[in-house]
Amino acid sequence: MTTATAAGTGTARKPATMAQALGRALRDAMAADPSVHVLGEDVGTLGGVFRVTDGLAKEFGDTRCTDTPLAEAGILGTAVGMAMYGLRPVVEMQFDAFAYPSFEQLISHVAKMRNRTRGAMPLPITVRVPYGGGIGGVEHHSDSSEIYYMATPGLHVVAPATIADAYGLLRAAIASDDPVVFLEPKRLYWSKGDWSPDRPDEVPPIGQAVVRRPGGAAVGDTAPAGGRAGRGRSATLISYGPSVPICLEAAEAARAEGWDLEVVDLRSLVPFDDETVCASVRRTGRAVVVHEATGFGGPGGEIAARITERCFHHLEAPVLRVTGFDIPYPPPMLERHHLPGVDRVLDAVARLQWESEFTEGRAV
Amino acid sequence: MTTATAAGTGTARKPATMAQALGRALRDAMAADPSVHVLGEDVGTLGGVFRVTDGLAKEFGDTRCTDTPLAEAGILGTAVGMAMYGLRPVVEMQFDAFAYPSFEQLISHVAKMRNRTRGAMPLPITVRVPYGGGIGGVEHHSDSSEIYYMATPGLHVVAPATIADAYGLLRAAIASDDPVVFLEPKRLYWSKGDWSPDRPDEVPPIGQAVVRRPGGAAVGDTAPAGGRAGRGRSATLISYGPSVPICLEAAEAARAEGWDLEVVDLRSLVPFDDETVCASVRRTGRAVVVHEATGFGGPGGEIAARITERCFHHLEAPVLRVTGFDIPYPPPMLERHHLPGVDRVLDAVARLQWESEFTEGRAV
Amino acid sequence: MTVLEQPGAYRPTPPPAWRPRADAAPLLPDAEPYRLLGTAAAADVAADLLTRLHRELVHGRRYNAQATALTRQGRLAVYPSSTGQEACQVAAGLVLEERDWLFPSYRDTLAAVVRGLDPVQALTLLRGDWHSGYDPRDHRVAPLSTPLATQLPHAVGLAHAARLKGDDVVALALVGDGGTSEGDFHEALNFAAVWQAPVVFLVQNNGFAISVPLAKQTAAPSLAHKAVGYGMPGRLVDGNDAAAVHRVLDEAVRRARSGGGPTLVEAVTYRMDAHTNADDATRYRTDDEVEAWRAHDPIALLEEAMRDRDLLDDRSVEAVRESAERLAAGLRERMNQEPVVDPMELFEHIYADKTSQLREQAAQLRAELEAEAEAEADESEKGAR
Amino acid sequence: MTVLEQPGAYRPTPPPAWRPRADAAPLLPDAEPYRLLGTAAAADVAADLLTRLHRELVHGRRYNAQATALTRQGRLAVYPSSTGQEACQVAAGLVLEERDWLFPSYRDTLAAVVRGLDPVQALTLLRGDWHSGYDPRDHRVAPLSTPLATQLPHAVGLAHAARLKGDDVVALALVGDGGTSEGDFHEALNFAAVWQAPVVFLVQNNGFAISVPLAKQTAAPSLAHKAVGYGMPGRLVDGNDAAAVHRVLDEAVRRARSGGGPTLVEAVTYRMDAHTNADDATRYRTDDEVEAWRAHDPIALLEEAMRDRDLLDDRSVEAVRESAERLAAGLRERMNQEPVVDPMELFEHIYADKTSQLREQAAQLRAELEAEAEAEADESEKGAR
Ligand SMILES: Cc1ncc(C[n+]2csc(CCOP(=O)(O)OP(=O)(O)O)c2C)c(N)n1
Ligand SMILES: Cc1ncc(C[n+]2csc(CCOP(=O)(O)OP(=O)(O)O)c2C)c(N)n1
Ligand SMILES: [Mg+2]
Ligand SMILES: [Mg+2]
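Residue numbers (this note's numbering), protein chains in the order written: chain A, 1 to 364; chain B, 1 to 364; chain C, 1 to 385; chain D, 1 to 385.
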């Protein structure tokens, strides 16, 4: 995968934004493998409403990068057929909420075809879903729909938080023989970074979380008054996609208040990297899960539950969640009140029972 | 609601099965309120593939109980329009997996219309979904899809476990001004019981869990060696729908081994009754969540996480989950290996760290 | 016999006794889009209708320009203009009775405004202070629908419900050429035909779904030809001829009202602006094409026909333009006021009663807001000193 | 020019230069279902084709009876019989080349068997030992599709992919009358027409979707009329006339193979059995209706035509019945063997590589199974003593 460099482009070019890195991943994948086909609404001539597919139709022709009729079940359903014939379709859903018409195809076929055929007919389909809020989008343009996919066995679910991961994980998704729902954090599309696609170490495997910010200093060093274990004022922030930058910012801010926070970027919700997550929580003894999606029934419940199952006796406090409220995504002028921000993360950190005070039960 | 008895039928008739009680609820609701309309595939002449709507078309005519064309998005979408005009549609999805084509209508309209219109246009729609496994159904006929609904703000999600609740909760769902996804446990359709629809106390409100089996004896009475708190060998089993009878059976079996188990039937996943659940867990100090749905990303994660958030210092052990495996629903001949049964519940109970042994960390 | 029974309905009996339900021929659209303006028949169109259409077209164009300008001033999050499509918008807004219902998509705020909706309320979604700015029952206008074609089954269900209740109500549902490809379009039209619901579907075929031209959207002879597959009549009309669109819609509405069932109308028109202010139309279409359509401008077409009949002169044109300016100025002024938003409203309309969880979350947000306000007060106090 | 470009494609240019893409007339189905048997044209049908069709029809009927019997013996979880529809099934199974693909629904195991699939493998879904019993690539038969109409876009995508790869492959997709109401039907046909994919859609209109009669499913003149709305030809055929179905499908397949694009074929037939063994058809249809269709039996029709041409006599009929009995006996015998199922396979085919979570869960189940086995061994040891 990492050896596939596109003819005629050197390592000199450094895409500036995540959107460009995603486009580059598509381009490099198409150049490396003629069975990779991109299809969706406006992906061809226009280059996609976020311009992620810009230039692909020109370079590879409109049979490799195809503007489809406007019908998401049709897009994903035909992609299933294309994959059955040995192609490797990469489907773009224009926005999160516009993937819903394809739900039956995704749940009842894409996720199940390998299983149904006893492994004879895997479906190497990548479903790219620009997702999440924070871009001032009107209704239906800001949903965090990851739980629908996470809860469906047979799908991989990936969400990059960095430009390098955007490239690497998308290459990995396309190369995977399993269907991958690839969640692209819309509000990071225009995030910029210095990055070159040709460094092989930038192609991560799917299913490995990464510690974005180690919480080294405090590990086992200090034992504040009242603390049950001697792990100091450290905690783990766990997130993915658009919430990772929030967590990193919060960790930076927390340092000023004497907290040493470790930040885990899950990168992939399925497969879930229990090892990296639990190792961090065992080090710190406290954890906060952060995501934009609705709290109730959202990804954070699963994450908190499995950490608790695995690390119960290492926990100084319950795993807390900082999430979107249990409401439909708000209109643009109110979205800032809904989205988990640095302050809300710090508030949660403060509630992690640092003095082992008996605070539970307040909420009910 | 409870005063609405149908003309011409006395209290003498005692429906024997849950399917009949559901049918009776529809009938009584239609008799009480002419704005209640039933629609779906085969609900009219045939009376539904599970015969729940048997007799309704005959009694109320085919405009009150209507065989629709075969198109689930169309069924739910037209129901939205009917509700906009003041009707109270009750929609039947023939099987769990066949609700998926209506997903966009459900998520993007049914769940959001009240919110979108600032309360001006609530949608009193009941979506009946025969759900879950254990009936030897072939693929797509046994999905436990509740997390998709739970995770969508704006929907109520209800699942009865008893015949009385089937009647009462369905009446409540139809009477509700909010959209309700009403999950009917297929394998309990033929469960029998002595029951009369005319006892007002059998119409429960939506959103209240119930303790199906109190764990009284052990509350605070005994303090076994090694136990941190003095609550004895008691624990709470939490479930809903088709798993409630399993939990009751497990509790019965557990008594022989000296465990005193309390069984909570959630009845409604949304709204979620934190109070009843947490009160029980605080009494017992231990909890197991039991459901058929896939574990990863399933309802159990949410339930375990919120219990832990609220009752952390009352917990002697992490909240455990007994769920379906993280696989597509298996073919009939293998389903018994997938479904949580009494043994698996008892195994989980046994793992609840009764001697406070330090067992965590094994799984990772 | 109930309203759902159709005695002549298609039911294959054993061949050779084949009996198709309906003759397909009357369902098929004409080969050419129907036109009135510029034809002899234009002479019979009521003068006051033309005057009304004209005023609304001119107002509508100005409204579109104003709304687009508001995006540049940051007063609208986004605006999908209907410039070039005013004939469809205006006819759709005018053709219904008060008791009827309109089901617009995101591009159809003009039709809603013509129907009587306050433009500020119509633009609420696009301004971003809430998802919808009006009570749908006030003017019987459903919320603007963003997920394509999803509003069509709503229109069918509402029209069906009204009929079941014995009410004399017709629903008119708007959808774009792109939207016809969605499954919901298919399901809605099929339900409408089977139920003989009093609903009219108006496809504004403006040639593009964002960047995707019609040739990549369908291979049908016309979109109106889809009607025959549902057993309803398909009508093709010049979407820039306001009188023609009004007449075709009016006939369809009357048919629906009198129990004749649904109609599919395709209006052939063109989107003169980009998809929205955020779109760059030069990426997918040529200036030549745009200019060719400019020569078929709905306002120019109507003005020509009206001048032919002496229904318009320079003075009356000027008067209409002036009233359009006044409307635009009023809209501009009102849209330049900061809308009042209350974060606490986020929890208000989820359910009839707040769940305990929502109460907890509302309390959390309230506490945050209070802390914020306190901090701000501290700041400004410091500043004041 | 790529395969996706359609020079004559429908693209409205400014009126008055209206240019519809295609003439609708050739797309419209005939008013009467096409018939061969019993007409003069039947004389020209190749004798060996008739012989082949006859043998498969008779085998097929026996197969259906046997499968239904297996439900009563608990050997099949459920069986949706195609008795009465054998002409469609057999024609669909025979008309394709080896390299082509068949996309069956749950009712179409017979078509798959005619195509060459082992009936035991074809019945795996319905027996319940796994979701699908065969490698789809072995006979180029997609897994039986249960969610209605969802297989149609798969067929389009596969045919499109084959064409892009330069392969000479046609896909034939089967769907029921009820299935035509689903959004996926619409989207699939539209994609097929826009892409000019080499795919043939066969609607087996058997009059019912479970209990729902066609009149509640559609108001169209015929289901074949839906074709015109996509810009593909619609063909109507007597679905009990095996020669006619074969010919219409054969023409459509040839057309698709030669780059002529997709076709929609509606075969008018009747489901003689209940929806499945679990259904009670007396609830929604009369014996009279069933009997009327019995008089139009596909086997009787064919036998009559063959006898007319001296292609069949009592002896050859008897020989075919005997071979059908042998097939049924073989199937019965094999289906009476308990299928081997391995619970551990539950975790095998979820992903290319098992996740750590699945490994944990597999270990849990293995431990449970071992404990169970131990307990059983203990039991039987006790019993042996
Ligand atoms: C279900 C769905 N898919 C995708 C989109 C994104 N989208 C918004 S407008 C548009 C094009 C619509 O074209 P058309 O129906 O012709 O209407 P027009 O914009 O031309 O008025 C698309 C793809 C959407 N709103 N809904
Ligand atoms: C999406 C979906 N909805 C509902 C069903 C349940 N169902 C199974 S068969 C059937 C009727 C199908 O009728 P038709 O398409 O005419 O095919 P037939 O059974 O007559 O062959 C229904 C409603 C399903 N399988 N898939
Ligand atoms: Mg358009
Ligand atoms: Mg049928």
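Hints are computed from structural coordinates only; laboratory data are not their basis. Treat each hint with caution, since some may be false.
Calculated lysine-lysine pairs in the DSS-like style (CA-CA distance at most 25 Å, straight line) [unchecked claim]: (1) B/K14 / B/K192; (2) A/K58 / D/K165; (3) B/K58 / C/K165; (4) B/K58 / B/K14; (5) A/K192 / A/K14.
When you check the alpha-carbon spacing of B/K14 and B/K192, does it fall within 25 Å?
Since the Cα atoms of B/K14 and B/K192 sit roughly 10 Å apart, the hinted pair holds (cutoff 25 Å).
Has the given pair, A/K192 with A/K14, been kept, meaning a C-alpha gap of at most 25 Å?
holds, 10 Å
Take the C-alpha atoms of A/K58 and D/K165, compute the straight-line distance between them, and say whether it is at most 25 Å.
holds, 19 Å
Do the alpha carbons of B/K58 and C/K165 lie within 25 Å of each other, as the hint requires?
holds, 19 Å
Proposed proximity, B/K14 with B/K58 (alpha carbon, max 25 Å):
holds, 21 Å
In the structure shown, no violation is registered for any of the earlier numbered hints.
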